[in-house]
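Colleague: Okay, here's what each chain looks like letter by letter:
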Amino acid sequence: MPLISTETGQKTTGDFTTVDATLDQFSRLNSDLEDNFEPSMLNNEGGDVETAPVAVSQPGGVSDLTDVDWILNDWIKYEQRALNFAPLTKLQLQAIRLLTILRNSKASLGTYDDIMNWHFRENGAVYMHKTASSRHFFSRSKLFSFLKALYKRDVGYGFVNEIILPSHKSRVPMVTNDMVKSYRIC
Amino acid sequence: MLTRPENKGKHHIYSDHNPFKRPLKDLDHVSDANTGKCYGETYDELITDPTTQALCEFQTAADGTHLGQFSCYELTQMQIALGCLSREAREKDCNWGTLGWIPNIPKNKSQGRRSFVESGHADSTRLRAQLIHDEGLIGVAGSVHPAQDLHVMISFVLKGLVQLQKTGFTWDLMHNGRLYKGVKMIPFVSFLRVDTKEADPFCSKYLNQNKHIKHLCRECHCPTDQSNNHLANDKAKTQNQIVTLVL
Chain A
161 MPLISTETGQ KTTGDFTTVD ATLDQFSRLN SDLEDNFEPS MLNNEGGDVE
211 TAPVAVSQPG GVSDLTDVDW ILNDWIKYEQ RALNFAPLTK LQLQAIRLLT
261 ILRNSKASLG TYDDIMNWHF RENGAVYMHK TASSRHFFSR SKLFSFLKAL
311 YKRDVGYGFV NEIILPSHKS RVPMVTNDMV KSYRIC
Chain B
9 MLTRPENKGK HHIYSDHNPF KRPLKDLDHV SDANTGKCYG ETYDELITDP
59 TTQALCEFQT AADGTHLGQF SCYELTQMQI ALGCLSREAR EKDCNWGTLG
109 WIPNIPKNKS QGRRSFVESG HADSTRLRAQ LIHDEGLIGV AGSVHPAQDL
159 HVMISFVLKG LVQLQKTGFT WDLMHNGRLY KGVKMIPFVS FLRVDTKEAD
209 PFCSKYLNQN KHIKHLCREC HCPTDQSNNH LANDKAKTQN QIVTLVL
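So the sequence lines, in the order shown, correspond to chains A and B.
Counting from 161, one number per residue, gives the positions in the first sequence under my numbering.
Counting from 9, one number per residue, gives the positions in the second sequence under my numbering.
Honestly, the hints are just simulated from the structure, not real lab data.
This structure is a prediction, so every number in the text was calculated from the model and none was measured.
Don't take each hint at face value.
As the list claims (entries may be wrong) - Which chain B residues face chain A? A few, computed with CB under 8 angstroms, are given here:
no., residue
1, G48
2, D52
3, I55
4, L107
5, G108
6, W109
7, I162
8, V165
9, T175
10, F177
11, T178
12, W179
13, H183
14, N184
15, G185
16, L187
By construction, the Cβ of each residue, glycine as well, lies at the ideal position given by its N, Cα and C atoms.
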């Protein structure tokens with residue numbers, strides 16, 4: 161496996177502001193917001209729970225569910241942004257194929273990096289007492305970060321909030337995903 | 009899930025391949041989610057304009073898992089899938105989205121700290137201040153039933169889904185090579201797929217199942233001593249009756 165630079169495909173991500181300006185579909189944003197699809201049987205209001213954000217692992221991306229067009233407009237934004245992504249490079253494809261093999265074989269999460277370290281040690285690119293760094297291969301975390309941005313999973317996932325339980329009075333960390341991202345996975 | 013390239017036309021179960029059409033009323037069989045009584049009656053209730061509105065069924069599931077053989081920590085995952093997908097499509101992992109995770113209640117840690125504070129020991133002064141900061145006022149607990157804790161967590165995870173049901177959403181629906189623009193999707197949740205271990209606390213049913221329990225059944229008022237009567241036709245428990253237990 162050849163050596164690669166540390167540069168990833170981050171420059172390929174699109175600019176939201178320019179995309180916003182060119183999208184004529186965004187006229188939907190100014191459409192009538194009075195539409196109400198609320199079924200008559202679902203008008204009971206639930207009490208809010210006292211929450212405190214602990215660590216938002218993926219900030220932003222919270223959907224505005226009061227706007228019935230928000231989901232569609234968000235999807236159109238993503239489609240426009242996806243046009244600016246370059247095709248996957250050969251090295252990225254190699255790394256993805258290896259991750260797929262490991263995933264299908266139910267290997268543990270750290271196996272990818274272990275295999276890479278073994279590979280570069282055995283072929284002499286790295287001394288046996290050293291570990292291969294990101295100069296030598298795409299680390300799993302870096303590859304996942306790239307893929308998350310590519311497939312719009314970089315926002316809206318893994319919100320961590322603490323709530324206080326009313327009976328036990330203990331703090332519980334709650335990990336949730338944005339509702340829209342959960343069912344409209346790109 | 010609405011945009012998954014793996015889902016082709018054959019994976020959708022729209023009646024006559026038309027997302028706006030109501031399933032036939034005189035069906036003599038049940039084949040998939042949209043041929044049941046639930047879907048048809050909900051369609052009649054919610055769809056007011058069949059030319060622009062489409063019923064969007066959500067199926068939810070919850071299943072708990074231990075994180076390890078030697079771990080007491082348990083997580084229950086809440087997931088949703090689209091009811092417009094066929095049963096074969098819903099069996100695929102990629103067609104299920106995760107709303108959140110419900111942890112088990114770490115009552116041991118809190119109860120231990122609380123017991124120490126309530127003992128009035130001189131060394132507990134600092135811990136008392138910390139406990140008040142972490143968990144609110146001490147001494148006011150007890151007015152809320154412990155079963156409420158689970159339902160507070162469930163309501164927190166399902167908050168977005170409830171909001172989406174209230175408002176609906178607009179979508180450009182692609183089906184069988186045809187694009188339906190500006191379809192107003194009317195979501196509804198048909199059922200929650202759970203094991204008995206999760207279903208009992210979700211319905212606020214007693215977890216022990218001995219003779220002192222009035223009803224063993226979660227769904228009807230069948231008395232415990234009649235539970236072995238498979239011909240029993242007792243009154244079903246209603247949503248309101250369950251709500252009075254959990255809210």
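Colleague: Give a verdict on every hint.
Modeller: A quick look at each hint next to the structure:
1. At its closest, the beta carbon of G48/B sits 16 angstroms from a beta carbon of chain A; the interface hint therefore is violated under the 8 angstroms criterion.
2. The interface hint given for D52/B is violated, since its Cβ lies 12 angstroms from the closest Cβ of chain A, which is over the 8 angstroms cut-off.
3. The beta carbon of I55/B comes no nearer than 10 angstroms to any beta carbon in chain A, farther than 8 angstroms, and the hint placing it at the interface is violated.
4. Interface hint status for L107/B: upheld, as the beta-carbon distance to the closest one in chain A is roughly 5 angstroms, under 8 angstroms.
5. With 8 angstroms as the threshold, the beta carbon of G108/B comes within range of chain A, its nearest partner Cβ sitting at about 3 angstroms, so the hint holds.
6. Restraint check, W109/B versus chain A: the minimum CB separation of about 5 angstroms is within 8 angstroms; hint holds.
7. Against a cut-off of 8 angstroms between C-beta atoms, the interface hint on I162/B is violated, since the closest Cβ of chain A lies about 10 angstroms away.
8. Interface restraint check: V165/B against chain A, minimum CB-CB distance 6 angstroms, threshold 8 angstroms, status holds.
9. Taken as an interface hint, T175/B checks out: its beta carbon lies about 6 angstroms from the nearest beta carbon of chain A, inside 8 angstroms.
10. About 5 angstroms separates the beta-carbon of F177/B from the nearest beta-carbon of chain A, less than 8 angstroms, and the hint is met.
11. At its closest, the beta carbon of T178/B sits 5 angstroms from a beta carbon of chain A; the interface hint therefore holds under the 8 angstroms criterion.
12. Interface hint status for W179/B: upheld, as the beta-carbon distance to the closest one in chain A is roughly 6 angstroms, under 8 angstroms.
13. Evaluation of the H183/B hint against chain A yields a violated restraint, the C-beta minimum of about 16 angstroms exceeding 8 angstroms.
14. The criterion of a C-beta within 8 angstroms of any C-beta in chain A is not met by N184/B, whose closest approach is roughly 20 angstroms, and the hint is violated.
15. Annotation: interface hint on G185/B violated; nearest CB of chain A at approximately 18 angstroms, more than 8 angstroms.
16. At about 12 angstroms, the closest approach between the beta carbon of L187/B and any beta carbon in chain A exceeds 8 angstroms, and the interface hint on this residue is violated.
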